[in-house]
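Visitor: One-letter residues, chain by chain:
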Amino acid sequence: MKLWSSFKKELILASRGFYFYVELGFAIVLMLVVLLAIPENFRTRTVEYLHLDLPSQGQELFIDALLEEDPGSSPETVELETGGNIYEARLIQTEEQEIYLLDSEEAVRELADSERNPGIVVTLDSQNRLFYRYYLQGYESARLKNLLSIVFNESSEVLQQRLEQQEVRALTTGFEPLSDRENTLPPIVAFSGSLMGMFVMAAYIFLDKKEGVIEAYAVTSSSIGIYILSKVFVLLLTTLISGLIIIMPVMGFTINYGLVILLLLATGFFASVVGLLVASFHDNMTKAFGVIYLLFFILMVPGIAYFIPGWDPFWVRLIPTYPILQAFREIILPAGDISYPLYTSAGFLAAGAALFVLTDIRFKRTLRV
Amino acid sequence: MIKVKGLYHSYLRNNDYAVRDVNFEVGEGEIFGFLGPSGAGKSTTQGILTGLLQLQKGDVTVAGYDIKKLKRKMFNRIGMSFEQSNVYSKMTARENLNFYRRLFDVETRDPDELLDLVGLKGKENIRTEEFSKGMKHRLTFARSMINNPTMWFLDEPTTGLDPAIAAVIKDIIKDRNREGVTVFLTTHNMFIAEELCDRVAFIVDGVIKLIDSPRNLRLQYGEKLVEVEYSHNGQVKKDCLSTIIDKDKDKLEKIIRENEIITMHTKEANLEQIFIKVTGRGLA
Numbered sequence: 006m007k008l009w010s011s012f013k014k015e016l017i018l019a020s021r022g023f024y025f026y027v028e029l030g031f032a033i034v035l036m037l038v039v040l041l042a043i044p045e046n047f048r049t050r051t052v053e054y055l056h057l058d059l060p061s062q063g064q065e066l067f068i069d070a071l072l073e074e075d076p077g078s079s080p081e082t083v084e085l086e087t088g089g090n091i092y093e094a095r096l097i098q099t100e101e102q103e104i105y106l107l108d109s110e111e112a113v114r115e116l117a118d119s120e121r122n123p124g125i126v127v128t129l130d131s132q133n134r135l136f137y138r139y140y141l142q143g144y145e146s147a148r149l150k151n152l153l154s155i156v157f158n159e160s161s162e163v164l165q166q167r168l169e170q171q172e173v174r175a176l177t178t179g180f181e182p183l184s185d186r187e188n189t190l191p192p193i194v195a196f197s198g199s200l201m202g203m204f205v206m207a208a209y210i211f212l213d214k215k216e217g218v219i220e221a222y223a224v225t226s227s228s229i230g231i232y233i234l235s236k237v238f239v240l241l242l243t244t245l246i247s248g249l250i251i252i253m254p255v256m257g258f259t260i261n262y263g264l265v266i267l268l269l270l271a272t273g274f275f276a277s278v279v280g281l282l283v284a285s286f287h288d289n290m291t292k293a294f295g296v297i298y299l300l301f302f303i304l305m306v307p308g309i310a311y312f313i314p315g316w317d318p319f320w321v322r323l324i325p326t327y328p329i330l331q332a333f334r335e336i337i338l339p340a341g342d343i344s345y346p347l348y349t350s351a352g353f354l355a356a357g358a359a360l361f362v363l364t365d366i367r368f369k370r371t372l373r374v
Numbered sequence: 062m063i064k065v066k067g068l069y070h071s072y073l074r075n076n077d078y079a080v081r082d083v084n085f086e087v088g089e090g091e092i093f094g095f096l097g098p099s100g101a102g103k104s105t106t107q108g109i110l111t112g113l114l115q116l117q118k119g120d121v122t123v124a125g126y127d128i129k130k131l132k133r134k135m136f137n138r139i140g141m142s143f144e145q146s147n148v149y150s151k152m153t154a155r156e157n158l159n160f161y162r163r164l165f166d167v168e169t170r171d172p173d174e175l176l177d178l179v180g181l182k183g184k185e186n187i188r189t190e191e192f193s194k195g196m197k198h199r200l201t202f203a204r205s206m207i208n209n210p211t212m213w214f215l216d217e218p219t220t221g222l223d224p225a226i227a228a229v230i231k232d233i234i235k236d237r238n239r240e241g242v243t244v245f246l247t248t249h250n251m252f253i254a255e256e257l258c259d260r261v262a263f264i265v266d267g268v269i270k271l272i273d274s275p276r277n278l279r280l281q282y283g284e285k286l287v288e289v290e291y292s293h294n295g296q297v298k299k300d301c302l303s304t305i306i307d308k309d310k311d312k313l314e315k316i317i318r319e320n321e322i323i324t325m326h327t328k329e330a331n332l333e334q335i336f337i338k339v340t341g342r343g344l345a
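The listed protein sequences derive, respectively, from chains A and B. The working numbering puts the first sequence at residues 6 to 374. The working numbering puts the second sequence at residues 62 to 345.
Warning: the hint list may mix true and false statements.
Unchecked claim - Derived BS3-like pairs (lysine-lysine); straight-line CA-CA distance at most 30 Å:
(1) Lys328(B) x Lys235(B)
(2) Lys231(B) x Lys215(A)
(3) Lys312(B) x Lys369(A)
(4) Lys312(B) x Lys298(B)
(5) Lys130(B) x Lys214(A)
(6) Lys129(B) x Lys369(A)
(7) Lys231(B) x Lys184(B)
(8) Lys285(B) x Lys215(A)
(9) Lys312(B) x Lys285(B)
(10) Lys182(B) x Lys214(A)
(11) Lys7(A) x Lys194(B)
(12) Lys151(B) x Lys292(A)
(13) Lys292(A) x Lys194(B)
(14) Lys328(B) x Lys299(B)
(15) Lys369(A) x Lys134(B)
(16) Lys151(B) x Lys369(A)
(17) Lys214(A) x Lys134(B)
(18) Lys13(A) x Lys134(B)
(19) Lys7(A) x Lys197(B)
(20) Lys369(A) x Lys132(B)
(21) Lys13(A) x Lys299(B)
(22) Lys194(B) x Lys214(A)
(23) Lys215(A) x Lys132(B)
(24) Lys151(B) x Lys7(A)
Unchecked claim - Here are some chain A residues the structure puts well away from chain B; computed CB gaps all over 10 Å:
(25) Val83
(26) Lys150
(27) Pro192
(28) Tyr222
(29) Phe294
(30) Tyr345
(31) Ala351
Source of the hints: derived by calculation from the structure; they are not laboratory data. Built from N, CA and C at the ideal position, the CB exists for glycine as well.
Isolated chain B, as found in the complex (with noise of 0.2 Å):
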């Protein structure tokens, strides 16, 4: 669904890039993830995949389209939804909706059907100058899906929003991607990258450092410990304890035959924990 080979970009036009020799392949039905902090060049790279910013060096394919010879169209099969809401402040939800749907040759979606699938029902018809920020950024969340898009950008979805909400939004893209949308998700949220994504790549300083599942990646970057907490003769002791050495294997058997266990715990590393091992950069 997207290709990008070699992918340079400089704001300057000079040698100061802002992504490097970027490359990769997402594949049709593919959650993505696009990881790193602020100014690593996500938002970069996405502007080039979305028609954006023009493209300087590298050949660039998305949904089928080349992006050196952007043809309108293809847009029909794109939705973006950006990190900064961007909706009309002097219309109201629906006109908003209402007046996008008319952009594009293709089939739309029913504002109000979108509009009740982020929990906007019953605001419809207020101006989005009153609405707050994350009533905001659901709009603008919900209005990429106004083309039935098949290749769908998303750039920090759940930001700002609270924990209700957000799981409602990763439930609409888990939905989405079920029907075989392709997702090219733009974060610096670990969590939400973890639980949704096929693949992650991590970029920082415009360079992709890896590319790979986030199971592979705890896999290969986590330790294999057991974190144990137990009751033994009333007393409550703690131990780590690794899952491939035999002695240790033996050990963890006894306790948990012998004693009551309190909590234990595997040592797996989260996603986080593995970009700052890659990449030595945290993500803020």
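So here's chain A without its partners, still in its complex pose (with noise of 0.2 Å):
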């Protein structure tokens, strides 16, 4: 009773205050973001200038071979302005590259320079074969000139014999790949969701303190552990509508919503009473930031990590949003395991738990911090 009553209490008041529209906001504009600003896919079409300095049929073979990557396409003709100069170019596009044919060696190198991009030019050498000159930017790595050079001067047969001999062995089967969209789902959600109930969660303590209703609750005969929990149940709450806000409208109804449900619950709680415990050291807002930045801080590291899978040592494994990521997206992977998420969220329940003790003897020490 006592308990629903909180609760009730900490409904009307994040209603009728800023931090709960917010959240709410924040999360839409977050929705908005994923929806129309990530594409589906990244595509990311290479550009090149090329000239052909070849006999005109020479030509015609080349960008034949170019077109055969797209058929039906023809090529379109562009003007590119650099340096004061404009240049008539021809534009190829396939899937991966964007081809500008231009008239001289000339216009490939100054746009080469201008634009940043890889230039080539085709001739023939004294015995009738292609003959690649690249001009490259200098921060290509050693590999990438390294298999030029192989393209380029071992025969196309070798190559596609060894292409041919080479045994591909699928470790796992059945693995369906995310969408670059979907992709970016879990650290939205993990920083928006579960961890803004850090932020929210001290904000509304911190408030709190300055009407000093703290105190008047703490002559009732309703314990402090009551109270804090009614705060950690409006944010799980508000947690939970603003992480389904960001999530459905993208995966529509193809995931484990129970789940989903389950790990936001659990890691809001943990995040939620995180910011109670650094609330709990803090008389206001301004005396907590400095800790509350660093929190952010840390946590985010694992967003990094997520995003570049070859940089994943072994400490930031041990960040809690390091389990929060991977957890979503075992999720919402076609194929993903769902005893991960289980056991993190079993986690940060427990870890949760052990938090909220502590808490629960720091607000019962310090109501008039």
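Dock the two chains into a complex; use the hints.
Guide: Next comes the structure, spelled out in structure tokens:
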């Protein structure tokens, strides 16, 4: 009864306050960004400037070979401006490349220099073999340069033969990758949904401290545990709503929402209790800002590891947001591992409960901080 | 109702005590005034008695409960009105009281009745962020009665209120006391203490200097003189005469018999003057 009454009071306060709408508004903005600004898949077409210093028949054969990658398309005439000069070019667009065919090597060099894209000049050598001259930018890796040397110096028959001899064995099957849009969801949900709770919870406590209502609560026969638990429940509700606002429009009904809700609640519980604990050491948001900022910074580091799979040091895996991100990814992966989010949720619930006990003790001792 | 023995408290948990060797008892149905200037240790003592501050050293019993082993059910019998108004500004006056009444395990009072009592009738549905300082103070005072406390802690209950409202608050305190409620009144306002308290304690620098009833203090520390202003042969004259010395008593009698008295006052000391005399300190 006391818990329900406190929860209802917190809901009234949240609905008449600022932070509740900030959290939901932030979730709506992020949902719109994910849907409208992030493409289903990022297309990373490379741009190349090409001059074919070949006889006209050779040029036609070369262009036909390029167009074979995208049947039905035809070169489009465009104008490129650089350094006050305007160059006419024929643009050939394939799945992975935008190739500008230019009439002179000078134009290729100038555009490669100003636009920071590779330029290629194709000529014939003394034995009437195709000869490629690359204008690179200087930052290309030795691996890329070696690859270009091999591609243009080995005969295509030999390369083809070697490729055919390679045996590719799949260690796991039935694996479907996420689209780029889907792949951005775990960090967005983790940071806006769960971690935002930490900041908002601290803000709620500081508002109560400013109004002195914690002291008034402390001289009632209701426990401080009920007071902080009612705040946690409100935070869990907003975490759930904001998380679902972002996830549902992107994923539809293709994922297990039971797991989503469980993970949002578990991680939201943990984050809000951390917010409570931080708030118990300080008088106001200004004094707590340094600690909250530092925590945010540390907790965001796994987000970098998430987008750079090659960078995954052991210490990053110890930061709580690391398993949150992985667990969200497992949930939205078509053939994800269900046990991972379950274990993660259990871990965060247990850690949150332990911190809750600590926070309860802190609040009992520091009502007049 | 309250027993305090050998109470010490240090905010820094060292030998720099905010209150030192404080001892007193408050009987059931008594109004006990705790008087002293700012920083004297009044709020610290009250904080310990109400469980807001942890008891470090000493023995404290409130309403039969040992503060060392604080139990939540003790607060069913306790009411606390804070000096600084502390109500939820985003909630209406009625919502505030309705919320707090559900935090007790005992029968509570009707919020509308309490709001009426403190002069906030008609303001029930207004958010307290729109209230004046005085209105918030009255709401905080009303809230302290929501659980029908038998032990009532009042911290500067009339501070910032206009005289008419302050009089209403004082009447409520007197009425509740007549019903048997014990009151622990913390204030630096000697006039309200003099008017309401059965006994007062003077506290300065964390040490209780004196405990007695205002009447006894006045008798002990007041001067036994009468100042009389009278008209004699068309001229206004003044005299200050002892009420103990026979010669002065005779003279006073003669003045009253033979002249027209304009004003006459006994020179009793008020609590503030006694406080200064006893502690050597003012109340500012």
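Visitor: For every hint, state whether the structure bears it out.
Guide: Status of each hint after checking the structure:
1. Only pairs whose Cα atoms come within 30 Å are accepted, and Lys328(B) paired with Lys235(B) is accepted, the gap being roughly 27 Å.
2. For the hint linking Lys231(B) to Lys215(A), the alpha-carbon distance of about 28 Å falls within 30 Å, and the restraint holds.
3. At most 30 Å may separate the alpha-carbon atoms for a hinted pair to count; Lys312(B) and Lys369(A) exceed this at roughly 67 Å.
4. Taking the CA atoms of Lys312(B) and Lys298(B), the gap is near 14 Å; set against the 30 Å cutoff, the hint holds.
5. Straight-line distance between C-alpha atoms of Lys130(B) and Lys214(A) comes to about 25 Å, which keeps the hinted pair within the 30 Å bound.
6. At most 30 Å may separate the alpha-carbon atoms for a hinted pair to count; Lys129(B) and Lys369(A) meet this at roughly 14 Å.
7. Pair hint Lys231(B) plus Lys184(B) holds up; C-alpha atoms about 21 Å apart against a cutoff of 30 Å.
8. Taken as a hint, the Lys285(B) and Lys215(A) pair is broken in the structure, with Cα atoms around 50 Å apart against an allowance of 30 Å.
9. For a cut-off of 30 Å, the pair hint linking Lys312(B) to Lys285(B) stands: about 15 Å separates their Cα positions.
10. Between Lys182(B) and Lys214(A) the CA atoms are separated by roughly 28 Å; this keeps the pair inside 30 Å, and the hint holds.
11. A hinted pair counts as satisfied when its Cα atoms are at most 30 Å apart, and Lys7(A) with Lys194(B) qualifies at roughly 29 Å.
12. Of the supplied pair hints, the one linking Lys151(B) and Lys292(A) holds, its CA atoms being roughly 24 Å apart against a limit of 30 Å.
13. A C-alpha spacing of about 27 Å is found between Lys292(A) and Lys194(B), which places the hinted pair at or below 30 Å, so the restraint holds.
14. Restraint check for Lys328(B) and Lys299(B): the C-alpha separation of about 14 Å stays at or below 30 Å, so the hint holds.
15. Our distance criterion of 30 Å between C-alpha atoms is met by Lys369(A) and Lys134(B), whose separation comes to about 16 Å.
16. Among the hinted pairs, Lys151(B) with Lys369(A) is consistent with the structure: their alpha-carbon atoms are about 25 Å apart, no more than 30 Å.
17. With a CA separation close to 24 Å, the supplied pair Lys214(A) and Lys134(B) stays within the 30 Å bound.
18. Restraint check for Lys13(A) and Lys134(B): satisfied, since their Cα atoms lie roughly 23 Å apart, inside the 30 Å limit.
19. In summary, the hint linking Lys7(A) to Lys197(B) is supported, as the alpha carbons are separated by about 24 Å, within the 30 Å threshold.
20. Taking the CA atoms of Lys369(A) and Lys132(B), the gap is near 13 Å; set against the 30 Å cutoff, the hint holds.
21. Between Lys13(A) and Lys299(B), the direct Cα distance comes to roughly 69 Å. Violation of the 30 Å bound is thereby established for this hinted pair.
22. This hinted pair checks out: Lys194(B) and Lys214(A) have alpha carbons roughly 18 Å apart, not beyond 30 Å.
23. Between the alpha carbons of Lys215(A) and Lys132(B) the distance comes to roughly 26 Å, so the proposed pair stays at or under 30 Å and holds.
24. With a CA separation close to 20 Å, the supplied pair Lys151(B) and Lys7(A) stays within the 30 Å bound.
25. Once the 10 Å rule is applied to beta carbons, Val83(A) is consistent with being away from chain B; the minimum gap is 61 Å.
26. Under the 10 Å C-beta cut-off, the non-interface status given to Lys150(A) relative to chain B holds; the minimum distance is some 66 Å.
27. The Cβ of Pro192(A) sits about 33 Å from the closest Cβ of chain B, beyond the 10 Å cut-off, so the non-interface label holds.
28. Non-interface call for Tyr222(A) relative to chain B: violated, since the shortest CB-CB distance, roughly 7 Å, does not exceed 10 Å.
29. For Phe294(A), the requirement that its beta carbon stay farther than 10 Å from each beta carbon of chain B is met, with the minimum near 23 Å.
30. With a closest Cβ-Cβ approach of about 41 Å to chain B, Tyr345(A) is found to remain outside the 10 Å limit, as its non-interface label requires.
31. With a least CB separation of 31 Å from chain B, Ala351(A) remains clear of the 10 Å interface cut-off, as annotated.
In this structure, the earlier hints numbered 3, 8, 21 and 28 are contradicted, and the remaining ones agree with it.
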